[in-house]
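Given only the sequences and the hints, what does the whole structure look like? Please build it.
2 protein chains.
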Amino acid sequence: MSVKAKAIYTFQSENKEEISIQENEELVIFDENSVDGWFQGENSRGERGLFPASYVEVIRTRSNSNVTDCSISPAGSLGNDSSYFPSTPNTTLHMQQSYYDDDDDDWDDWDDRSTVVDDDHSRSPGANGHSNQSPLSNNPNIHYRAKPHMERQDSISSSRKGSMVGRNLNRFSSFVRSGVEAFVLGDVPMMAKIAESYTIDMGPQGPRWKESPQPFSCSIEDPTKQTKFKGIKTYISYRVTPSHTGRPVYRRYKHFDWLYNRLLHKFTVISVPHLPEKQATGRFEEDFIEKRKRRLILWMNHMTSHPVLSQYEGFEHFLMCADDKQWKLGKRRAEKDEMVGAHFMLTLQIPNEHQDLQDVEERVDTFKAFAKKMDDSVMQLTHVASELVRKHLGGFRKEFQRLGNAFQSISQAFMLDPPHCSDTLNNAISHTGRTYENIGEMFAEQPKYDLFHMLDKLSLYQGLLANFPDIIHLQKGAFAKVKESQRMTDEGKMDQDEADGIRKRCRTVGFALQAEMSYFHQQREVDFKDTMQAYLKEQIAFYQRVVQQLERTLRMYDCL
Amino acid sequence: MSVKAKAIYTFQSENKEEISIQENEELVIFDENSVDGWFQGENSRGERGLFPASYVEVIRTRSNSNVTDCSISPAGSLGNDSSYFPSTPNTTLHMQQSYYDDDDDDWDDWDDRSTVVDDDHSRSPGANGHSNQSPLSNNPNIHYRAKPHMERQDSISSSRKGSMVGRNLNRFSSFVRSGVEAFVLGDVPMMAKIAESYTIDMGPQGPRWKESPQPFSCSIEDPTKQTKFKGIKTYISYRVTPSHTGRPVYRRYKHFDWLYNRLLHKFTVISVPHLPEKQATGRFEEDFIEKRKRRLILWMNHMTSHPVLSQYEGFEHFLMCADDKQWKLGKRRAEKDEMVGAHFMLTLQIPNEHQDLQDVEERVDTFKAFAKKMDDSVMQLTHVASELVRKHLGGFRKEFQRLGNAFQSISQAFMLDPPHCSDTLNNAISHTGRTYENIGEMFAEQPKYDLFHMLDKLSLYQGLLANFPDIIHLQKGAFAKVKESQRMTDEGKMDQDEADGIRKRCRTVGFALQAEMSYFHQQREVDFKDTMQAYLKEQIAFYQRVVQQLERTLRMYDCL
Numbered sequence: 001m002s003v004k005a006k007a008i009y010t011f012q013s014e015n016k017e018e019i020s021i022q023e024n025e026e027l028v029i030f031d032e033n034s035v036d037g038w039f040q041g042e043n044s045r046g047e048r049g050l051f052p053a054s055y056v057e058v059i060r061t062r063s064n065s066n067v068t069d070c071s072i073s074p075a076g077s078l079g080n081d082s083s084y085f086p087s088t089p090n091t092t093l094h095m096q097q098s099y100y101d102d103d104d105d106d107w108d109d110w111d112d113r114s115t116v117v118d119d120d121h122s123r124s125p126g127a128n129g130h131s132n133q134s135p136l137s138n139n140p141n142i143h144y145r146a147k148p149h150m151e152r153q154d155s156i157s158s159s160r161k162g163s164m165v166g167r168n169l170n171r172f173s174s175f176v177r178s179g180v181e182a183f184v185l186g187d188v189p190m191m192a193k194i195a196e197s198y199t200i201d202m203g204p205q206g207p208r209w210k211e212s213p214q215p216f217s218c219s220i221e222d223p224t225k226q227t228k229f230k231g232i233k234t235y236i237s238y239r240v241t242p243s244h245t246g247r248p249v250y251r252r253y254k255h256f257d258w259l260y261n262r263l264l265h266k267f268t269v270i271s272v273p274h275l276p277e278k279q280a281t282g283r284f285e286e287d288f289i290e291k292r293k294r295r296l297i298l299w300m301n302h303m304t305s306h307p308v309l310s311q312y313e314g315f316e317h318f319l320m321c322a323d324d325k326q327w328k329l330g331k332r333r334a335e336k337d338e339m340v341g342a343h344f345m346l347t348l349q350i351p352n353e354h355q356d357l358q359d360v361e362e363r364v365d366t367f368k369a370f371a372k373k374m375d376d377s378v379m380q381l382t383h384v385a386s387e388l389v390r391k392h393l394g395g396f397r398k399e400f401q402r403l404g405n406a407f408q409s410i411s412q413a414f415m416l417d418p419p420h421c422s423d424t425l426n427n428a429i430s431h432t433g434r435t436y437e438n439i440g441e442m443f444a445e446q447p448k449y450d451l452f453h454m455l456d457k458l459s460l461y462q463g464l465l466a467n468f469p470d471i472i473h474l475q476k477g478a479f480a481k482v483k484e485s486q487r488m489t490d491e492g493k494m495d496q497d498e499a500d501g502i503r504k505r506c507r508t509v510g511f512a513l514q515a516e517m518s519y520f521h522q523q524r525e526v527d528f529k530d531t532m533q534a535y536l537k538e539q540i541a542f543y544q545r546v547v548q549q550l551e552r553t554l555r556m557y558d559c560l
Numbered sequence: 001m002s003v004k005a006k007a008i009y010t011f012q013s014e015n016k017e018e019i020s021i022q023e024n025e026e027l028v029i030f031d032e033n034s035v036d037g038w039f040q041g042e043n044s045r046g047e048r049g050l051f052p053a054s055y056v057e058v059i060r061t062r063s064n065s066n067v068t069d070c071s072i073s074p075a076g077s078l079g080n081d082s083s084y085f086p087s088t089p090n091t092t093l094h095m096q097q098s099y100y101d102d103d104d105d106d107w108d109d110w111d112d113r114s115t116v117v118d119d120d121h122s123r124s125p126g127a128n129g130h131s132n133q134s135p136l137s138n139n140p141n142i143h144y145r146a147k148p149h150m151e152r153q154d155s156i157s158s159s160r161k162g163s164m165v166g167r168n169l170n171r172f173s174s175f176v177r178s179g180v181e182a183f184v185l186g187d188v189p190m191m192a193k194i195a196e197s198y199t200i201d202m203g204p205q206g207p208r209w210k211e212s213p214q215p216f217s218c219s220i221e222d223p224t225k226q227t228k229f230k231g232i233k234t235y236i237s238y239r240v241t242p243s244h245t246g247r248p249v250y251r252r253y254k255h256f257d258w259l260y261n262r263l264l265h266k267f268t269v270i271s272v273p274h275l276p277e278k279q280a281t282g283r284f285e286e287d288f289i290e291k292r293k294r295r296l297i298l299w300m301n302h303m304t305s306h307p308v309l310s311q312y313e314g315f316e317h318f319l320m321c322a323d324d325k326q327w328k329l330g331k332r333r334a335e336k337d338e339m340v341g342a343h344f345m346l347t348l349q350i351p352n353e354h355q356d357l358q359d360v361e362e363r364v365d366t367f368k369a370f371a372k373k374m375d376d377s378v379m380q381l382t383h384v385a386s387e388l389v390r391k392h393l394g395g396f397r398k399e400f401q402r403l404g405n406a407f408q409s410i411s412q413a414f415m416l417d418p419p420h421c422s423d424t425l426n427n428a429i430s431h432t433g434r435t436y437e438n439i440g441e442m443f444a445e446q447p448k449y450d451l452f453h454m455l456d457k458l459s460l461y462q463g464l465l466a467n468f469p470d471i472i473h474l475q476k477g478a479f480a481k482v483k484e485s486q487r488m489t490d491e492g493k494m495d496q497d498e499a500d501g502i503r504k505r506c507r508t509v510g511f512a513l514q515a516e517m518s519y520f521h522q523q524r525e526v527d528f529k530d531t532m533q534a535y536l537k538e539q540i541a542f543y544q545r546v547v548q549q550l551e552r553t554l555r556m557y558d559c560l
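One line per chain: the protein sequences are A and B, in this order.
Just so you know, UniProt numbering puts 506 at position 506 of the first sequence, and the rest follows in order with no gaps.
Just so you know, UniProt numbering puts 72 at position 72 of the second sequence, and the rest follows in order with no gaps.
Be aware that one or more of the hints could be misleading.
Copies of the same chain are indistinguishable here, so a pair counts whether it falls within one copy or spans any two.
EDC-like cross-link-like pairs, simulated, lysine to aspartate or glutamate; straight-line CA separation at most 20 Å [claimed, not checked]:
1) Lys331 - Glu196
2) Lys529 - Glu551
3) Lys529 - Asp558
4) Lys391 - Glu437
5) Lys476 - Asp365
6) Lys331 - Glu316
7) Lys537 - Asp558
8) Lys398 - Glu387
9) Lys537 - Glu437
10) Lys373 - Asp423
11) Lys391 - Glu441
12) Lys529 - Asp423
13) Lys537 - Glu445
Calculated from the structure, these hints are not laboratory results.
Written as structure tokens, this is what we have:
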């Protein structure tokens with residue numbers, strides 16, 4: 001859905017897919033969901049291409065409450081805003097399975113606009129949210145055709161994402177957008193009272209988030225089809241039960257999505273887990289619902305175990321509010337939250353302990369290298385595991401069933417042979433045939449018990465890893481500012497206090513990033529141990545079942 | 001190697017691949033090893049195609065000792081005779097791996113002429129002996145190209161063979177050639193003294209061969225490469241040790257082949273097991289030697305356990321003779337044996353018990369239907385099992401190795417992550433990687449333990465089953481003669497005594513066939529029970545090994 005915008009800075013295109021824009025120039029944006037901080041649109045000279053989202057101001061026709069937001073909100077955070085606009089005919093055209101409804105509180109139309117079909121498990125969650133906010137997203141066909149290509153892109157993985165971010169970096173885009181620049185430069189006014197506060201303390205391996213005072217978990221169960229408007233609209237609702245209240249609330253995907261976008265909006269330096277991808281077609285097919293549930297559970301586990309995210313007021317609202325009216329109020333309150341982006345940095349309590357900025361930068365670089373390698377290997381494993389799923393459902397099953405059939409036709413031949421034929425042998429052989437047909441089915445079933453779960457976990461991690469380049473970039477930007485201020489003071493262009501302030505606030509960014517790094521490590525350690533153990537256990541159980549089947553079959557030959 | 005021949009009967013072609021020949025017409029035969037009783041050659045009008053081997057007389061340039069033979073010898077029995085002819089330059093052209101030598105006792109040149117390359121295990125043993133005696137066999141290239149096609153042909157299996165034989169049947173070829181016609185008509189003079197005699201008695205399920213008075217078994221071991229003429233010629237020799245003497249003799253494939261052709265020659269109504277196929281290229285490659293040895297062992301077991309074949313004098317000579325001079329003498333004696341083909345029928349002692357010819361014919365028809373169905377299903381299983389072998393060596397192995405690599409690169413990524421990374425976890429994961437690479441290898445190895453043996457057994461049975469249509473056809477011919485004689489006596493054109501004689505001799509053929517049928521059944525029963533049990537046992541052992549590997553790997557995660 002295209003909207004008007006105005007350039008607030010001049011931008012000189014450097015790559016062929018970019019277009020230059022002049023300050024104050026009128027622009028058209030084809031899809032206002034920016035991708036990695038870039039809009040696709042047309043300038044006043046009719047050139048079409050990409051330009052930085054942070055360089056323009058979207059012109060609102062109805063509400064302009066989000067205009068300022070838009071320049072400081074992280075990539076993709078505008079996802080929800082689009083729902084504020086009534087859908088144009090051409091979007092309704094390719095709306096699938098549900099009708100547009102104007103309920104401000106209902107984003108299924110928007111949810112539906114995402115047209116990525118998720119028919120296998122190889123889709124890189126790294127593309128979550130992004131891919132269906134891509135400039136092309138309001139042309140489903142292009143999406144369908146483009147998909148395999150997208151996968152290839154994914155498999156090139158963070159290296160490409162990196163380069164994309166690299167470009168942003170040159171333009172300070174996410175650094176600017178996130179408001180971290182403003183924060184470091186001290187342009188973010190200290191508030192009178194800050195209700196929330198998150199503490200970073202020093203652990204044996206450096207800075208870490210202070211554990212949440214009241215840790216809890218949360219179950220997601222029982223996805224059920226609901227209808228409204230006499231069945232015109234259908235949706236799935238999940239029973240969400242936090243352990244500390246024990247009172248269930250019922251949430252739809254769009255509620256998760258609302259929460260997700262709040263999180264992106266608020267927690268600048270935190271890797272917010274991606275939601276399972278959206279899809280329009282087959283949204284009500286069992287496999288998809290099952291898969292989405294499994295992945296929402298992983299998402300929820302990461303949320304509840306994260307010392308900062310788990311304490312977010314909006315999250316609490318999401319977990320507890322059972323009343324419709326209350327829901328809307330709480331929703332508005334969360335959307336009005338001022339401690340977002342840059343201001344969120346003000347809520348961080350860091351230890352006084354001195355850290356040499358040089359060391360921090362080195363640590364961050366080590367982590368950056370690790371994250372890239374991990375992203376690559378997670379991608380590789382995702383591809384292999386998805387291939388293996390296909391083999392289980394296809395090749396393996398087929399081979400064993402063929403063998404089964406062949407044995408059966410042997411025993412059928414033998415039955416043509418009275419009086420010589422022994423029924424015991426014929427039965428044994430035809431039972432062997434059935435056994436192998438069975439084993440074929442077992443192969444086809446097995447991914448449900450092992451590979452799917454592994455793929456879910458990998459998908460979560462691809463999402464988490466995809467966030468880090470941006471976050472690391474914030475810290476890099478902060479460092480740059482420190483060095484710059486250092487130089488300026490040396491040249492006497494900045495007084496020491498200001499420089500010290502910048503250095504101090506840069507430390508905050510550094511501590512926050514390190515805390516988030518160490519949380520990621522700690523989780524990774526636990527998650528991959530569990531995942532590998534669970535996989536091996538299921539594999540063992542599977543091959544043991546095969547052995548049992550064969551042993552039972554073998555016994556049939558003993559009585560001969 | 002093409003030879004001259006003369007048509008002894010006129011033959012009118014009925015299918016496009018056939019050519020017509022006139023009595024006394026001069027013909028050229030491209031390959032004098034007939035295929036299912038058909039020669040490929042050229043008539044005096046330059047037409048090229050197939051005509052019945054039994055309608056022509058090969059014109060010998062050097063020795064014509066075999067001329068009469070050739071018209072009564074069963075299909076393919078001429079295989080050895082070709083060695084009597086010096087190889088022409090164009091054959092030596094594509095002789096591979098060994099040089100032609102003129103030693104009358106050495107058939108490697110001929111052995112080499114067969115150019116079927118057996119690089120996988122899918123080759124239908126149904127084509128044994130035949131395929132490498134095929135008209136095309138002195139052009140290896142055609143063979144290589146033709147191979148997949150040949151496989152397809154095989155898979156159409158006995159239905160085609162059937163029709164082929166059916167054609168022979170119309171021409172009475174094998175009936176005439178085998179001499180059974182002559183026998184039934186009483187044209188085979190009773191000998192003064194008949195040294196050998198084989199008894200058929202009545203078992204619970206009808207006629208059967210009387211057990212051999214001294215049953216024995218025979219091992220084939222230790223194939224070793226031998227050279228002669230200062231290494232110009234190389235060949236493989238096997239240590240053959242009969243249980244009743246315990247004295248080993250050393251035999252080459254060509255000795256087996258000599259014996260095989262003697263058996264075809266002599267035992268008209270018995271299904272002689274085919275030898276493992278010949279091949280020129282890669283004759284000295286381990287896999288091939290291994291496979292040939294396994295299949296010679298199966299062949300030998302069938303020989304030693306067969307009540308009639310096991311008692312054959314030529315076989316005894318093959319098993320016992322250790323002295324070169326003695327060998328040649330015994331060989332000549334066996335080749336001079338008069339009790340072959342028609343005369344062999346004279347050596348059969350049948351019970352006096354009356355059998356209604358109608359019943360016998362029905363039994364034979366039932367068996368015929370069974371044999372066809374069994375041939376089809378054995379073919380099907382052969383194809384499936386061969387496909388499975390390929391999958392084990394290819395797809396399965398690849399999938400598991402990929403998974404292994406993916407796990408390893410995960411652990412490599414984790415190692416980039418000090419101080420957070422836990423060596424125990426990283427080792428466990430990389431060990432999991434190695435385990436799956438291992439499992440991939442185990443899949444690739446497994447066919448050696450199960451599928452290969454099954455394929456060997458199936459190959460033996462395809463050979464045995466391929467013989468029956470001809471044998472059944474003999475009995476059909478005999479029945480026809482009985483009915484004919486009946487009619488003639490009714491019309492007073494034949495006196496009763498002669499008709500009774502025909503009927504009596506026809507009973508002998510019937511008894512012999514039934515005895516052979518019941519022997520086949522008895523063996524099939526045993527062989528397939530053993531094969532299936534062995535297969536299942538190996539499969540169980542395999543999956544148990546997989547389970548053990550995985551369990552060992554899983555334990556590495558416990559200490560975390």
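Taking the hints in turn, this is what the structure says about them:
1. Lys331 - Glu196: So Lys331 and Glu196 pass the 20 Å test inside one copy only (18 Å; across, 105 Å).
2. Lys529 - Glu551: So Lys529 and Glu551 pass the 20 Å test across copies only (15 Å; inside, 33 Å).
3. Lys529 - Asp558: between (43 Å within a copy, 10 Å between copies)
4. Lys391 - Glu437: both (16 Å within a copy, 17 Å between copies)
5. Lys476 - Asp365: Close inside one copy (10 Å), not across copies (89 Å); limit 20 Å.
6. Lys331 - Glu316: within (11 Å within a copy, 98 Å between copies)
7. Lys537 - Asp558: between (32 Å within a copy, 12 Å between copies)
8. Lys398 - Glu387: both (15 Å within a copy, 11 Å between copies)
9. Lys537 - Glu437: between (24 Å within a copy, 18 Å between copies)
10. Lys373 - Asp423: Close across copies (17 Å), not inside one copy (61 Å); limit 20 Å.
11. Lys391 - Glu441: Both: 12 Å inside a chain and 18 Å across chains, each within 20 Å.
12. Lys529 - Asp423: between (51 Å within a copy, 12 Å between copies)
13. Lys537 - Glu445: within (16 Å within a copy, 24 Å between copies)
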